[in-house]
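Peer 1: The primary structure of each chain is shown beneath.
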Amino acid sequence: MSSLAVPQTEPVAGSTPGTAQGRPPLRRRIALIPTVTLFLGAIYCLLPVAWVVIAATKSGRELFSTFTFLPGTGFAGNFRDLSAYRDGVYWEWMGNSALHAGLGALLSACVSAFSGYALAIYRFRGRETIFNVLLAGVLMPPVILAIPQYLLLAKADLTDSFLSVLLPQILSPYGVYLARIYAAAAVPADVVEAGRMDGASEWRIFTRIALPMMIPGMVTVFLFQFVAIWNNFLLPYIMLSDDEKFPITLGLFTLLEQGANTPALYTLVITGAFLAVLPLVALFLVIQRFWSLDLLSGAVKS
Amino acid sequence: MPYTKRRRLVTSAVALALGAAALAACGSESGDSETESGPVSLTYWTWTPGMDKVVDLWNKGPGKKDQITVTVKKQASGDTLITKILTAHKAGKAPDLVQAEYQALPTLVSNDALADISKNVGDAKDRFADGVWQQTTLGTDAVYAVPQDIGPMMFYYREDLFKEYGLTVPTTWDEFAKTARKLKQAAPDKDLTTFSANDSGLFAGLAQQAGAKWWTTSGDQWKVSINDAATQKVAKFWGGLVKEGAIDNQPMYTPSWNKALNTGKQIAWVSAVWAPGTLTTAAPETKGKWAMAPLPQWSANENRTGSWGGSSTAVTTDSKHQEAAAKFAAWLNTDGDALNALAKESGIYPAAKNAQTSGAFLKPPAYFSHQADFYTKAADIAETTAPSAWGPNVNVAYTTFKDAFGAAAKNKSDFGAALNKMQADTVADMKKQGFEVAR
Numbered sequence: 000m001s002s003l004a005v006p007q008t009e010p011v012a013g014s015t016p017g018t019a020q021g022r023p024p025l026r027r028r029i030a031l032i033p034t035v036t037l038f039l040g041a042i043y044c045l046l047p048v049a050w051v052v053i054a055a056t057k058s059g060r061e062l063f064s065t066f067t068f069l070p071g072t073g074f075a076g077n078f079r080d081l082s083a084y085r086d087g088v089y090w091e092w093m094g095n096s097a098l099h100a101g102l103g104a105l106l107s108a109c110v111s112a113f114s115g116y117a118l119a120i121y122r123f124r125g126r127e128t129i130f131n132v133l134l135a136g137v138l139m140p141p142v143i144l145a146i147p148q149y150l151l152l153a154k155a156d157l158t159d160s161f162l163s164v165l166l167p168q169i170l171s172p173y174g175v176y177l178a179r180i181y182a183a184a185a186v187p188a189d190v191v192e193a194g195r196m197d198g199a200s201e202w203r204i205f206t207r208i209a210l211p212m213m214i215p216g217m218v219t220v221f222l223f224q225f226v227a228i229w230n231n232f233l234l235p236y237i238m239l240s241d242d243e244k245f246p247i248t249l250g251l252f253t254l255l256e257q258g259a260n261t262p263a264l265y266t267l268v269i270t271g272a273f274l275a276v277l278p279l280v281a282l283f284l285v286i287q288r289f290w291s292l293d294l295l296s297g298a299v300k301s
Numbered sequence: 000m001p002y003t004k005r006r007r008l009v010t011s012a013v014a015l016a017l018g019a020a021a022l023a024a025c026g027s028e029s030g031d032s033e034t035e036s037g038p039v040s041l042t043y044w045t046w047t048p049g050m051d052k053v054v055d056l057w058n059k060g061p062g063k064k065d066q067i068t069v070t071v072k073k074q075a076s077g078d079t080l081i082t083k084i085l086t087a088h089k090a091g092k093a094p095d096l097v098q099a100e101y102q103a104l105p106t107l108v109s110n111d112a113l114a115d116i117s118k119n120v121g122d123a124k125d126r127f128a129d130g131v132w133q134q135t136t137l138g139t140d141a142v143y144a145v146p147q148d149i150g151p152m153m154f155y156y157r158e159d160l161f162k163e164y165g166l167t168v169p170t171t172w173d174e175f176a177k178t179a180r181k182l183k184q185a186a187p188d189k190d191l192t193t194f195s196a197n198d199s200g201l202f203a204g205l206a207q208q209a210g211a212k213w214w215t216t217s218g219d220q221w222k223v224s225i226n227d228a229a230t231q232k233v234a235k236f237w238g239g240l241v242k243e244g245a246i247d248n249q250p251m252y253t254p255s256w257n258k259a260l261n262t263g264k265q266i267a268w269v270s271a272v273w274a275p276g277t278l279t280t281a282a283p284e285t286k287g288k289w290a291m292a293p294l295p296q297w298s299a300n301e302n303r304t305g306s307w308g309g310s311s312t313a314v315t316t317d318s319k320h321q322e323a324a325a326k327f328a329a330w331l332n333t334d335g336d337a338l339n340a341l342a343k344e345s346g347i348y349p350a351a352k353n354a355q356t357s358g359a360f361l362k363p364p365a366y367f368s369h370q371a372d373f374y375t376k377a378a379d380i381a382e383t384t385a386p387s388a389w390g391p392n393v394n395v396a397y398t399t400f401k402d403a404f405g406a407a408a409k410n411k412s413d414f415g416a417a418l419n420k421m422q423a424d425t426v427a428d429m430k431k432q433g434f435e436v437a438r
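Going line by line, the protein sequences match chains A and B.
Per numbering that gives the first Met the number 0, the very first residue in the first sequence carries number 0; after that it's consecutive.
Per numbering that gives the first Met the number 0, the very first residue in the second sequence carries number 0; after that it's consecutive.
Everything labelled a hint here was simulated from the structure, so no lab data went into it.
Where a beta carbon is used, it is the ideal one built from N, C-alpha and C, also for glycine.
Take the hints with a grain of salt, since some may be wrong.
Derived lysine-lysine pairs resembling DSS-like cross-links, with alpha carbons at most 27 Å apart [said to hold, decoys possible]:
#1 B:K409 x B:K258
#2 B:K319 x A:K154
#3 B:K409 x A:K154
With the C-beta cut set under 10 Å, the calculated list includes, among others, these residues of chain A facing chain B [said to hold, decoys possible]:
#4 R85
#5 N131
#6 L133
#7 L150
#8 L162
#9 R195
#10 D197
#11 L255
#12 G258
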């Protein structure tokens, strides 16, 4: 899914979408090399997706024997088999993934908004140190932290629970980093100052003035974190042992690794992977429109 | 075991991340259990499909009487599970019972994760072939697991195509090579089989058949002889066939491999007793056209096979109810009803000798319905399984095998060099882990 996430980075500081910078030249020359490069890139990213979509329609018999990009006839059967596997445990995995990713991303966006705003607006001792530590956190792959987090949560007797997967994913250094950069660019110090002059409390300034300005950035954080949690494998793998608590990534892995004497359930895994992508696609399509929402961006005249 | 490239990536990533924790895992106090009283509940990590139904039999039958309830937590199989168990063990939170492949037992034991259950399951010994039982004792007086299933290796071939090309079933590896060449002459676009490096268990089993003992101990020292004469013979044999082009060099378990089996481009497969299950999904169109024979031998007067796959049920040192857990492990793998259910629900080939020719194994598997004596033959072959010798870092040897032999097979280069690399990397890793390795 990272291929979908790439183009949607945060707006550049100070940019105001919607206000055109003069008229574009009437006759545009098509730049050949960038177009071809992008086109090839799109094929590279979309071909595997197309493979999954087509393979999901093939029955076990057709999967390896018919032409790769020839749709099969087994989608309904695959869907039925998948839903019937271990009394529908697949839909429990889907539910778990949705809960982890939805709640986790929401909390993560909130935490990022609070801390990003604080780091951007307030001047206090140690601010830069905190920010540098966070930057180091951005560079640290979360995979490395899974084991220490397991050992810590084991001390608190929280392993193999919903919380054990949710808690470590709430604080996202990248989200905080993004929120700070975004808040610094989108919330002008003058607006905050004006709010203080009018006697608004700091909480009110944050919730009523700053937060609406930061919404597009927070939507980005939410999406990034949602995708990251949805696709996360190692953390839930270490934390959870009960397969009814598994998210979808882990569940599909158990379908593949069935042991030596049982063949992998390829058709179920492929159909399961296809269905698991749909919520992400839907989410992107729904949330996309919030990016252009840049409230109050004209509040300060420069 | 089906093992695609993508899963290998996942496995390596997990192994990398978990490696450090696993190596650092230190011994923990083992909860010595006195005789139990009162209800006990146990957790059991297993990947066997349908195991929950088998365990239900226990919970409603003998388990109810003894007030021992077992809960199945289904896992994904493979090396990743070992690292997961070791990580949990480091936190003192490993489940009471785990399923473990035989080659993983030394790793678990050397990390002090498995309890010695010889007092509780010692009587079960004569239910299993010596070579199988020996894998759970690691050559000591202790018993670390109860054997569950085994994977004696066999030779599978397309009966119809063998007839069509005038081939006879090879009884020695020499004949096997001749058969491969003869087929190449008769039908240049077909291959007898392929040499695949993506499942190390196959090569380990072939080496085991040739008499290799990769890990042995003397005193406190380990001796690693992965590049011993027997294994070199096996490597040279397959390397030679690949180099001259007598067999294919494409990996197994890929879509194109499935297609090759399904369309008769490859007409034989060196595999194990669980092959019917794999063939059912890989080559559905050729059902009823395959037959099973013993593995070819290195000399005409020998009768041995290797094993590929198979697993056991072990009790962890973290368990607070080791005696109860051992009782369940013994029931699961020796009781007639349990073994019947395991065969029916999970499709496993039992390690217990008497179960191999009774119950579900009176009839051949559906894919081989025309070979009526499939399981009688299989039981005879299982009896001839050569002893195996696993060490504490089989996973490292296996990973090196996949990389070194995978490259050698692809480039049709020297298999001997790949074998030496496997030996060198395995020894280096053991030294790094702090084992004493004899030169």
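Peer 1: Which of the listed hints are not met by the structure?
Peer 2: 3, 5, 6, 8, 9, 10
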